[in-house]
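Trainee: Chains as they are written, first to last, in the working numbering: chain A, 1 to 404; chain B, 405 to 731.
Watch out, some of these pointers could steer you wrong.
Below are the BS3-like pairs computed for lysine-lysine, each with C-alpha atoms no more than 27 Å apart in a straight line [said to hold, decoys possible]:
no., chain 1, residue 1, chain 2, residue 2
1, B, Lys466, A, Lys238
2, A, Lys238, B, Lys477
3, A, Lys240, A, Lys180
4, A, Lys69, A, Lys346
5, B, Lys466, B, Lys477
6, A, Lys349, A, Lys69
7, A, Lys96, A, Lys349
8, A, Lys265, A, Lys238
9, A, Lys283, A, Lys88
10, A, Lys88, A, Lys167
11, A, Lys180, A, Lys96
12, A, Lys180, A, Lys265
13, A, Lys240, B, Lys466
14, B, Lys477, A, Lys180
15, B, Lys466, A, Lys180
16, A, Lys167, A, Lys180
17, A, Lys240, B, Lys477
18, A, Lys88, A, Lys69
Pulled from the structure, derived: some chain B residues nowhere near chain A, Cβ distances all over 12 Å [said to hold, decoys possible]:
no., residue
19, Trp428
20, Ile469
21, Phe482
22, Pro507
23, Leu548
24, Val570
25, Gly579
26, Ser581
27, Leu617
28, Gly620
29, Ser664
30, Val681
31, Ala683
The following label-pair restraints were derived from C-beta to C-beta distances [unchecked claim]:
no., chain 1, residue 1, chain 2, residue 2, range
32, A, Glu258, B, Leu524, 37 to 43 Å
33, A, Ala398, B, Ala536, 56 to 62 Å
34, A, Gly141, B, Val554, 51 to 57 Å
35, A, Asp237, B, Trp488, 22 to 28 Å
36, B, Leu499, A, Gly200, 55 to 61 Å
37, B, Thr718, A, Thr142, 55 to 61 Å
38, A, Glu258, B, Ala531, 28 to 34 Å
39, B, Leu473, A, Gly98, 51 to 57 Å
40, A, Gly195, B, Val542, 42 to 48 Å
Keep in mind that the hints were calculated from the coordinates and are not lab data. Since this is a predicted model, take the numbers as computed values, not measurements. Glycine included, C-beta positions come from ideal geometry on N, C-alpha and C.
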Amino acid sequence: MTHITRAGRFGAITLAALMAVAACGAGATTAPATTAPVAVTTPPAATGTPGPSGTAATSAAPVSYRCSKGDGQLNGAGSTFINPLLTKMAGDYLAKCGVQINYQSIGSGGGVKAWQQNTVDFGASDAYLADSEISTASANGTPVEIPTTFGAVVVAYNLNGLSGAIKMTPDIIANIFLGKITTWNDPALTAANPGLSLPGTEISVVHRSDGSGTTSIFTKYLTAVSPDWVTNVGGGDKTKSAGKTVAWPVGQGASGNEGVTQGVKGTDGGVGYIDVAYAIQNKIPFADVQNSSGNYITASLDSIAQAANLPSYPPDLRFDLVNSASPQGYPIAGTTWIIVYQDLSKVLKSQDRANSLVDFIWWAIHAGQADSAPLIYGALPPNLVVQDEAAVRSINWAGTPLLP
Amino acid sequence: MTDLVGSPETTEAVDRIGLRRRRWTGDLTFRGVLAALAVGTTLILGFMMVGSFVTAAPVYQKFGIIGFLTGTKWEPSFTIYGAWPFIYGTVLTSLLALLIAVPISVLIALLLTDLAPARLRGPLGVAVDLLAAVPSVVYGLWGLLVLVPVMRPFEQGVAGTLGKVVPFLGPPTPGPSYFAAAVILAVMTVPIISAVTREVFASTPRLQREAVLALGGTRWDVARTVTIPIGRAGLLAAIVLGLGRAIGETIAVTLVVGNSNNIGTSIFAPGFTLASVIANEFNEATETLHPEALIALGTVLLVISVLVNAGAITIRDRFTGGLRSGF
C-alpha cells in the first residue's frame, strides 16, 4: 500500500506542474484556424510569463483537457508491456473525451514497424528508437519520443518447496542466462543466499522468442553490468548484446510475457525475465537484485520510482534506467515511449485527427498517470512531465503547433 | 444404348428440345471456368514461388543459396541468417512424429476394418475422425499445459540413463523440445493417416480375406498377408499426406517446440521449425534483412511441401499402376 501512496504523491506533484505549464503555454501560440472547436476549454489565464515551452511557472489552476474528437478514434500499436495500462487509459479517455483508442499489443518491434509504415497514429515501444529506425522513418519526418510510463523486469523463477526470495547479484543473473550456472545450488547462488537451502535442480532458462521491449530492457541491463555478456552474446559489441532480440546462448523461447510466465511456472527449476506486473498478477516469485550500491532490491513501485527519478533527462528523451545509481533503485527498470511524428501533416489525413492525437497524449502524461500505480507502473516524475510537455508541444501540423 | 446414340430419331429428339445447343454452350462455359480455375491455381503457386524468391533475393545474394540453406547460425542482431537449424527442426520433428504416428494409425485402421466388433466400428471411426477436427491451437495449448509437464519426468529419466550413452537422448530436458513437438504432431497426424489407411484397407478384396480365414488363418494373418500388402500404396500415400501436415503445422509446434535458434544436440532440447520461426519472428522483424530471411525460410518450407506432395503422387502412381487404391 505504501507504494500506491507514494505514486499518488507523484501524481499530485505531476498535476501541479502540468497546470502551471499548461497555463503558461496558453498565450504563446494561437490555435490554427482549422482546428475543430470541439469542447475547447482554454486553460485559465496564466500569472507566469508565457513561454514557448514549459519552463519556470508558479501558478496552479484546475487543469482541463481540450478533448478534440477528430475521427472519434485513434490507432496505436506496440509494446505488450504497456498494454494493460493503455487499455485502462483508453477506457478512461473514452469516458472523458469520447475518443476510442484502439491499441494493438503486438510487441515493441512490431509497433515501431507499424509506425514507420504509417499504419497507426502512434507507436509504443519499451526501447527508444535506434538511429537506424529513425532514418528508416525519415521519409515521414522526425519522430517525437514521449516517455509515458516506467516498469521493471524481474527475474522470475519456479523452485518447488522454496520459500523466501532468492537474492541475485548481476554476475549470477548474467551467468544463468549465459548457461554458466546450470543448477540452483551453484556455489555463487548459495554464497549470495546464506539463509536458504537451495536444491540441486537443473536450471531451465526461458527467454522471449518474439522481439520485445522487455528483452531490450533486460539485455541492456546485462550489457551494463557484465563484460562477459557483451563478449559472449555481442561478440564484444554492446549494440549487439542488447536489443529486442539477441542471440541467446541457452534456453527455450516463449512468446510474450504470458508465454515466458507459463514456461517458468510449468517447469520446476525454470527461470525467466518478465515484467513485474505479470509476476505479481501470476503470483510467481522473483529475485531480489543487487544494485550498483550493493543493496538487494525487490522490484516495487517505490524502487522503480527511485530508479526512474533522474536529476535530468536528455533533450531527446532517449535514456536508459538500467543499473540505477540510486541506492534504493531497482536496477532492471525501463521506460515505455509513445512515438509519433513531429509534423503530423505528412502522415495523418486531417488536422482534426492530429488534434485528437496530441490531446490524448497530453492527457496520458497528466491525468492518465493516475491509472499507473494500481497496475504497478511507475508514474512520471515532475521534472520529466515538464520535458514531456515540451515534446508534445513540438508536435505540429506543417509548422503550426497543434496544442493551443 | 449405343444404337440409340446418334440414331436419327435421337438426334431429332435432341434437336427438338434444344438439348444440343444448351449442352454445347453449357459445356463450353463449364470447360472455360474449369480451365480458368486450374490455370489460376497454378499461377497462384507460381506467383508465390517467384514473389517470395524475388523478395528474399538480397538474402541469397549475401549468403548464397547453399550458404543460406546450410548456415547453422541465425542471429538477426549480427545480420547472420542460416536456415539449417530450422530445416533440421522441421525434418526431425516431422520424422519423429511419423515414427510414432504410423504404427498407431495402422493399428487403428486394422482395428476398424478387421478386428473390432461391427457395432463398435462406426463410433470408434467417428471418434478418431473427430481428432482431425480439433483446432491446432487447442492441441498446442493442451501440449504446453498438460502433455509437456507430464512427459518431463519421462524425458529426464531417459536422459539420465540412456542419454549418458547416446547424446541424442541426453539432457537438457526443459520440457518444450523437438520431442514434445513430435508427440503433438503425432497426435495431430494420426487421424489423417488412419482415416486414409482405413479406406484403403476397407477396399481390399473381401474374397481374399475370407480365403485366408477359410484356410484357418487368424485375423492377424489376414492383416499380414492381405490387407497390408494390398493397401501398401495407399498406406504410403497416407503417410506422405501426414508428413505434409506435420511439416507445415505452425501454432501447435510453436507452443511446445521451445523456440531456440540453437541446434539442439538432443531430441529433448528446445529448437525451432521453419513454420514456427516465421510465426514467432515475422511481426518483430525489424533488423536488417530479417524480413527477407524469414520470407526465404517460407520459400524453403514451400519447396519442401511441394516436394513432399510430388513424392506422394509419384508413390501413388508407381505402386498403384492401373489399380484404384482409394486414395
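Trainee: Which earlier hints can't be squared with this structure?
Mentor: 8, 10, 11, 15, 21, 23, 25, 26, 29, 30, 31, 36
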